[in-house]
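Listed in order, the protein sequences are those of chains W and X. For the first sequence, my numbering assigns the number 12 to the initial residue and increments by one for each residue that follows. For the second sequence, my numbering assigns the number 430 to the initial residue and increments by one for each residue that follows.
In case anyone wonders, no lab produced these hints; they're calculated from the structure. In this text, all values refer to a predicted model and were calculated from it rather than measured experimentally. Careful: at least some of the hints might be erroneous.
Partial chain X-side listing against chain W, Cβ under 8 Å, derived [unchecked claim]:
#1 Ala500
#2 His514
#3 Gly534
#4 Tyr564
Ranges of calculated distance between the beta carbons of each label pair, as one might list FRET restraints [claimed, not checked]:
#5 Glu250(W) - Leu488(X): 57 to 63 Å
#6 Val20(W) - Gly570(X): 45 to 51 Å
#7 Ala550(X) - Leu16(W): 56 to 62 Å
#8 Glu65(W) - Gln529(X): 52 to 58 Å
#9 Gly652(X) - Val184(W): 58 to 64 Å
#10 Glu250(W) - Pro600(X): 42 to 48 Å
Built from N, CA and C at the ideal position, the CB exists for glycine as well.
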Amino acid sequence: MLLLLPFIVLVVVYFTSSSLRLAVNPEDKLLPSATQMGNAVKEFAFTEDKRTGEYLLWSDTEASLKRLGLGLVVSAAIALVVGIATGTIPLVGAMFSPFIKVVSMIPPLAVLPILFIVFGLDELSKVVLIVVGITPIIIRDLQQRTREIPSELWVKAQTLGATSWTLILRMIVPQLLPRLLICMRLSLGSAWLFLIAAEAIASTDGLGYRIFLVRRYLAMDVILPYVMWITLLGWLIDEALRRLTRWAFPWYVGGR
Amino acid sequence: MIEVRNVWKEYGEQVVLERVNLKIEEGEFCSMVGASGCGKSTFLRLLLGQERATRGQILLDGKPLPGEPDAHRGVVFQRYSVFEHLSVIGNVLLGFELPQAKLFGRLFGARRRAARDDAVAMLERVGLGTVLDKYPQQLSGGMQQRLAIAQALVMRPRVLLLDEPFGALDPGIRKDMHDLLLKLWRESGLTIFMVTHDLKEGFTLGSRVLVFDKVRIDPQAPGAYGARITYNIPLDHGGASAAGLALANGAEPSAAQSAAQSAISRTSRAAVARPVRSEAPT
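Pulled out of the complex, with its shape left as it was, chain W reads as follows (with noise of 0.2 Å):
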């Protein structure tokens, strides 16, 4: 009960100024009540959009969802070569590990607007900005991680008759895995981020483009709403990150 407590005071507190607040001004949009917000939920979730035809927050979150899905599944699929590959062979890794380290610090929004040159506005390049700015950072750890495999382990591999690919196949890889649920895990706020970030510039449909479009009518009613959406949304794909790992490598006793 008491990891509800917080959440609680948050409601209370909010509903309580909304409603002092609306008391005054029954004209307010600052803190909408929740009937309003309730309203707004009805008008954007169950209700035809006059112009498109579409449920929009549906339609919203399925894009969304899309370019955040696509940005993470490359981004760990880049991140295993690289950081396998670079944890691995020295010679590889003493080639790439200082220019990952110079390109990790690279502001990912600073070079939004080279993406949006290069790959021009469509989807392509709100999922390249995910990827350019989780990558880097889903790398390094990988790398450590692999670095981190003691040196036991490799002799003994070894001695099984492993060859360099199998030992990677079968020992590196494996042991990676449950490290690279937990990066995609870290990193998700920082996707969420950069997908809004993307969206709110570019773009005609996605939750961050409708939270940016009604902000010019002071609609807090939808602006609410979204926000807590995108949070459970959050949530929800932390949460089964979290359970895949656990049933996928029950090994795995960091992941518990």
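Dock chain X against the given chain W, drawing on the hints supplied.
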């Protein structure tokens, strides 16, 4: 079978091993004892191929030892000897899969079933037949070492190298492990090299005890001279057990043992404080 010819190992200025010469016949069980930092683990790593000798040669059946660890040499370390991401059976199966499946490192179908049967048979020999699907994390330290031994033995190595394999175990469990290791050694006729801190263990298990010690010491430059094999003591096995027991009971140790013991206590009292204090002749 194994011949070590004038091997030196240096790390920069520091000489760890100097002028090591040794000839070991097939089927010997060599215990390597000595103070901490006297190079016995380094020597084991040389035999393993994890490191190369600075000078000299190590020959296996008359040919130079391959410079990298390979399937001819099995190894069990004190820790990190098993793969925690694989179940007990998976750990042993790996020894069949890696040499046979070069592309994916996995076997399928009939070959997998055959390998699995062999793996199960080996696990039953070391007493792990009932925990096939557990992960190493769920096993006790002793069971993990049993698994590590099984994993090394399925490769049918020419040489088995043990680096303080029982150092982290309780005394009671250690006794069981000794019995198991002796049983496996007699059955398989393996050549075994074991590094140990425990003199009694070395004398109980080994058919030969190698004592590593520094012959020359320069107090101004501790790294200037390395250790050698100062005693190479063959034991017939019945006698070895008796001697080990005698040592355990605090009786007067044999000449060989006291020589070994004094060699150890001279270079590093702190490192072997326990056996020296409790078992030194009064």
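We went through each hint and held it up to the structure:
At about 4 Å, the closest approach between the beta carbon of alanine 500(X) and any beta carbon in chain W falls short of 8 Å, and the interface hint on this residue holds. With 8 Å as the threshold, the beta carbon of histidine 514(X) comes within range of chain W, its nearest partner Cβ sitting at about 5 Å, so the hint holds. Below 8 Å, beta-carbon pairs count as interface contacts, and glycine 534(X) has one with chain W at about 4 Å; its hint therefore holds. Given the 8 Å rule on beta carbons, the hint for tyrosine 564(X) holds: about 4 Å separates it from the nearest Cβ of chain W.
Between glutamate 250(W) and leucine 488(X) the CB atoms are about 59 Å apart, so this pair conforms to the stated range of 57 to 63 Å. Checked against the hint of 45 to 51 Å, the C-beta distance between valine 20(W) and glycine 570(X) comes to roughly 48 Å, which is consistent with it. Checked against the hint of 56 to 62 Å, the C-beta distance between alanine 550(X) and leucine 16(W) comes to roughly 58 Å, which is consistent with it. Between glutamate 65(W) and glutamine 529(X) the Cβ separation comes to about 56 Å, which falls inside the hinted range of 52 to 58 Å.
Between glycine 652(X) and valine 184(W) the Cβ separation comes to about 41 Å, which falls outside the hinted range of 58 to 64 Å. Taking 42 to 48 Å as the suggested C-beta distance range, the pair glutamate 250(W) and proline 600(X) conforms, at roughly 46 Å.
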